[in-house]
Amino acid sequence: MALRLLVAREHSCLELTRKLSARGLTPDAIAGALDRLISEGALDESRLAAHYVAERADKGFGPQRIRAELRDKGLADSLIDRHLQPMNDTWPEVLARAHERRFGQRSPSDRADYAKRARFLEQRGFTPDSIRRFLRYPD
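Under the UniProt record's numbering, read the sequence shown as residues 1 to 139, first letter to last.
Possibly wrong hints are sitting among the right ones.
Unchecked claim - The list that follows gives simulated cross-link-like pairs (lysine-lysine, DSS-like), each with its CA atoms no further than 25 Å apart:
1) Lys-116 / Lys-59
2) Lys-73 / Lys-59
3) Lys-73 / Lys-116
Bear in mind the hints are in silico, worked out from the structure with no lab data behind them.
Predicted model only: the values in this text are computed from it and were never measured.
Let the sequences and hints guide you as you build the complete structure.
Next comes the structure, spelled out in structure tokens:
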């Protein structure tokens, strides 16, 4: 059953535990299944993190949002950092693409427009600092 779930998409140990518990499996059976899947290489949280970071960044999400989503999946901060860190130079490009998809190439026209854009980008998971640097609204 667990292998069938992994065929559809990568899962974390926490996600599989929740899904298998909901299907009525005992904690011992779940632990055994997870150990077997890990030893066979079918369950790999590092592979999940790498795939998830790349996919979400490609869809225009920033590091803060991706970090929160991976934490919700039960991944350790050290593992998350290992996959977010290599993208540090790429985040400004991801932010620019997300902004352009939503607002085009025009600069903010006034403070209200600036605030609207900043809120959108912050909800996408970009830091306030990176948003300010990108939008460069004159004070």
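_Hint numbers contradicted by this structure_ = Those not satisfied come down to hint 3.
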